[in-house]
Each structure stands twice: as structure tokens, then as C-alpha cells.
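To convert a position in the sequence shown, counted from 1, into my numbering, add 1106.
Note that these hints are calculated values from the structure, not bench results.
Every residue, glycine too, gets a C-beta built ideally from N, C-alpha and C.
Each hint can be trusted.
Derived Cβ-Cβ restraints for the label pairs, each shown as a range: (1) Q1336 to D1462: 19 to 27 Å; (2) R1187 to E1426: 32 to 40 Å; (3) N1493 to R1236: 53 to 61 Å; (4) P1146 to W1349: 17 to 25 Å; (5) M1359 to I1140: 32 to 40 Å; (6) W1349 to G1235: 31 to 39 Å; (7) M1359 to D1332: 21 to 29 Å; (8) D1462 to M1359: 15 to 23 Å; (9) D1430 to Q1485: 35 to 43 Å.
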Amino acid sequence: MNTSKTSDGLLLPFEVCKLQDFDVFKSLNGRLPINERPLPDELFTSWFHRLAWLNGIKSHRLTKKFWHHPGTPWGGDGDLRVAEVDLLRMADIGRVPYQLIWQTSLRSYEGIIYQNTADNPAGIRPLGGRGKQRTAHGIAFCPECLAGDQMPYFRRRWRVSYVVACMEHRRLLLDACPGCASSIMVISADEGAKSFPRYPHWTRCIRCGYDWRREGDLAESISLSDSFWQLQSQIHGAITHSWTIGPDGSEIMSLGYFQGLRYLLRALIGYQSHIKIREIVAPHFGELALPPQRSQRSSFDLLRQCDRVFLMRYLAWLLEEWPDQYIAAAIGAKLRPSYLDMYRGDIPFWLSKAFDACRSHPHYPTSNEEWESARLYLQRRGMEGNNFQVSKLVGRYWTVRRSSGTRDAANDYKLSSM
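Work the whole structure out from these sequences, hints included.
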């Protein structure tokens, strides 16, 4: 390769000669001389740029050796869309076991956080846009982790939507550059540079040059409850071990746990009927500065860090003393039983048990409007629409004498009684 001088002209530790060209790929039959293994929980793009820097070559040149497709993987989501054959080729070039490379990819979360990678997988922060023109804040980071690393690197769990805090330093993550508030991009920052970077370049913003190892002004100092930290700790454990203890105390697989969390989060942000639950939780943590979403497909993954933190605080409160706290909030919000399982797809068992408890709760309100709506629905289907049929449809398997007024028993259950 051409001589790769530093900005001050000093010889780099890995340079063997600066008087003649030297091709690192010819030294070991197309393999790199320095085989750096991924660090614990390291992200693929982070390991890739570290490997290129340690071998004294630019990331763009290393990309051309393993990527045999049009364009580059960094134009999209390289941590998610790099195929198995490309990871195998990269493992061979870097002289690193394939299993270690596989663990750096977000594809390794399949079956743990999400079910498949056909579309944007649930629970992964999307990057948005392409290349250096990102439209979403898809990567978060902890400045203290980067500053404390012997060689800074980005963690794979920082791309998970449910992870909003660093458990090691007990602080919230940042999803924007403290210098210019732009999105975080772990891409080739040495592209087009005249001199080879002497120091790690992947912790600096490509727009303003800010070093993300410094705290900056974006760090939030808010009071977080013990239940919030307990929820974050359980999320970290579920990602690591592929199983966890569910809110009901039973052992469950991580996939079912995250499906249940996502169901509750979508209910909080994605449909008008659940917005009243916010009013029950808001006095404890403040009002969520997020307008009600009209679509029930609204994604938690697309939200900014500040909104995600608020929702995780709401969720942690609802999961306390499960399912009693949630049942009380649903009663206080007068949430209709027929809206509990309004989303498509299977509901995890630990969550469906709580919904069954809501439907069979003796104080759970069923409004006259819902009752008449269910009766008309059954009659349109050619059924009689009697009280038993309506009770079964709305989830009430026992008959109740209905009056023209609202039942007082529905309002006797107060949140203050918890």
C-alpha cells in the first residue's frame, strides 16, 4: 500500500517500511496480519473499523475485500443486513472464528428479541436513510463506557430499542452528538482523509468532530425509580441469557418477554383507547410529550431517546405488582375489555393471563355503548344478540342485570386502594 503517514509524519507501530509500497493482503494469502477478536458485546461495524485501523488500512479498502455486491454495506444497515456468506468471508480475512463474528451482528438477536429479519425487526433501532444521510437516531452510546475502554468500541445492545440506560454506570444513554445534536453514525470516518488517523476515529462525529467520550450538554439528570432500573436490568439479562423471569414470576423465553413488553408499549403510544392509561401514570412521572398516534402500528423503535425513557418509566410502573397495577390502571382509565387484545398476532401467555383477569374482574366496567355495539354486531352476523352472547363476546361469561345508568360498582375500585 502507499505509505500511510500520520498527520505529524511519525511512523505507525504496525508499519514495517515507509520507503516502499507494502500490500498487507499479500503477506498472508489475502488475510490480515493482525487478527483482532471482537470485544465483549461489540457491534459488527465497530469491530470492522477497529480491525482496519489496527492493520493500517482504511475501512473502505477492507470493505472492497469482503463485500462482493454493488455498493457498500454501510449504505444501509451493515449490522443487520450483512449476509452469512459475507460474514464467513470476513471471518476468513480477519482470521477470527466465524461464531465470534456472528455474535457481533444484529442477526444473532433473531429468536431472542425478534422473530425474523424480513422487514425492520421489532426491537431494533432503525438507522433510516442511507450512508451519511441518516434520518433516524438508530445508535445510542454511553460516554463513560467509551471513555473507560482501553480501545473504545460500540456495544451491540446499544442498538436495542428497549435498552435506554447503561447498567454499569447507572446513567441514561445518548442518541445524538452532544456537539451538533446529529445522529450517531459508526461509519468510515477516514474516507477521503489525506493522512491515516493516528488515533481511533470512530468515536468522533463526522460532522463536527466532537469526541463522544466527553459528556457534553445532552446528558439528562432525572430521578429514576428502582422499578425502572429493575426493568432495565431484566432487559439486559433477557438479551444475554435468552430467557428470564416474567412479571408473573414464571420462567419464560426472552422472545415471549419482549413480545409482551412491545404489546404494552404499542398500546401506550399507538391507539386512542389506551391514551387514558397515560393519565393514570402521568401524575407519578409527568406528562409524556408525545401526541396520540392514530395508527396502532406506530413503532416504539422510531422514537427518540427522551420519549423512550418516558415510556419505559410508564411501563416499569405498570409492571409493578403485576398484574394488579395494570388492572387498576385499566379500570381507572375505563378501558374496554374488547380493546385489550386488539392487535394482530399471538399474545404471550404471561400477558394473556393478565387480560383474562381484567375481563373476569368483578368491578371491571362494560359501558352501555360497548354492550349495544356488541349486540348490533351479533345481530348483523345473524345471531339473536341475547345477554349471554353479548357477555361472551365482550369477555364477561356471567350475566349482569343492566340498567340505563352506569353501574356504581365499576367506580368503587380506586387506584388509591392499592
